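Chain by chain, the residues run as shown.
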Amino acid sequence: MTEAGPDPNEPVRSIRAPVHLEYHFMPGRASSRFLRGVEQGRLLGQRCPQCAKVYVPPRGACAACGVPTDEEVEVADRGTVTTFCVVNVPFHGQKIKLPYVSATILLDGADIGLFHLLQEVDAEKVHMGMRVEAVWAPPEQRKPTLESILHFRPSGEPDADYETYKDHV
Amino acid sequence: MAGEILVATNVLEYPYTRTVGPVLGAFFTGLREGRIQGVRAADGRVLVPPTEYDPLTSEELTEMVDVGQAGVVTTWAWVYAPRPLHPLDRPFAWVLVRLDGADTSMLHALDAGEPERMSTGMRVRVRWREGRVGEIQDIACFEPETPS
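Going line by line, the protein sequences match chains A and B.
Okay, so the first sequence: first residue is 1 according to this note's numbering, each after it adds one.
Okay, so the second sequence: first residue is 1001 according to this note's numbering, each after it adds one.
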């Protein structure tokens, strides 16, 4: 499986040794409902009956209480940046122009951050507490994947008070 | 539809290239030329595939030795249902082959057709691949020395 390139007159110095794994991913009932919702432009979470925290995406159970989370709640497609990472390092297969920002976004109504791409803003302007909103793919291009949200961008609202997200950093 | 559980096919691949060093480099270069080489160990045994260091004394090994292109099966396991990335697209055997002139056995695939032909001690020979590039797949597989 060596690529064309090595000189056939030179001694062999390296071999291609790719690791290749094909598998089926099943997100389960709760996350499937979430992804179906994303296809319709809605963000569906689940609330824990004991601690009342809202999981987005839902996993069907509360990780802290260990009980099923049957109650479905819709959350907003806007929220607050709780933490973020500026990506400066090029890597194989990269599709986005450097530098770019990946952020954990606490959606309004949710108790767990959603990890997504932040665009339409200079990397050095991104900060904790920044208010952002989802930029959706056009409805006809949405699929049951988080890529149906193209990215998040600043919403223009004033920064959120630290008190509003301090339990989620 | 709303309650249906989704399934997605994922492919995970790391496109590693690994350097092989002088001894395995010589082994792979030999394969590209249609030769199989081992290395002479400190006690005189010929190790195929070669190792860079002696398995008993740990000293560096450098003397490459040509071995035969046929040998005996020392153990085997039959594969009834080959996987997509297996070397053969029909049932075959994984075999350890001790090549003539070698003192250790090498893992490869044997195109034996059916498991009834398999036995420990059977004679097999190399089937080379067209267009060799210097990797273990340059040996397409082994085949029984006596036709069925």
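To be clear, the hints were calculated from the coordinates, so they are not data collected in a lab.
Treat the numbers as computed from the prediction; the structure is a model and nothing was measured.
Treat the hints loosely; a few may be bogus.
A few chain A residues that face chain B, going by a derived Cβ cut-off under 10 Å, partial list only [stated by the list, open to error]: (1) Ser14; (2) Leu21; (3) Ser32; (4) Arg142; (5) Pro144; (6) Ser148.
Covered stretches of chain B (in silico footprint by chain A; criterion: 3 or more residues with CB under 8 Å from a CB of chain A, positions within the stretch not fixed) [said to hold, decoys possible]: (7) 1004-1012; (8) 1101-1112.
All residues carry an ideal CB built from backbone N, CA and C; glycine is no exception.
- Query: If you take the shortest Cβ to Cβ gap from A:Arg142 to chain B, is it below 10 Å?
  - Reply: violated (14 Å)
- Tell me if A:Pro144 is really an interface residue toward chain B, meaning its C-beta lies closer than 10 Å to one of theirs. holds (6 Å)
- Query: Are there three or more residues in the stretch 1004-1012 of chain B whose C-beta lies within less than 8 Å of some C-beta in chain A?
  - Reply: With 9 residues closer than 8 Å to chain A, the stretch 1004-1012 of chain B meets the three-residue bar; holds.
- Evaluation of the interface hint that places A:Leu21 against chain B, nearest CB under 10 Å: holds (4 Å)
- Query: Are at least 3 residues of the stretch 1101-1112 of chain B within less than 8 Å of chain A when you compare beta carbons?
  - Reply: Per the Cβ count (0), the hint is violated.
- Query: Does A:Ser32 meet its interface restraint, that is, does its C-beta lie within less than 10 Å of any C-beta in chain B?
  - Reply: This hint holds: A:Ser32 lies near chain B, its Cβ roughly 4 Å from the closest one there, short of 10 Å.
- Does A:Ser148 pass the interface check with chain B, least Cβ-Cβ distance below 10 Å? violated (13 Å)
- Task: Tell me if A:Ser14 is really an interface residue toward chain B, meaning its C-beta lies closer than 10 Å to one of theirs.
- Result: holds (5 Å)
Hints 4, 6, 8 from the list above are not met by this structure, while the remaining hints are.
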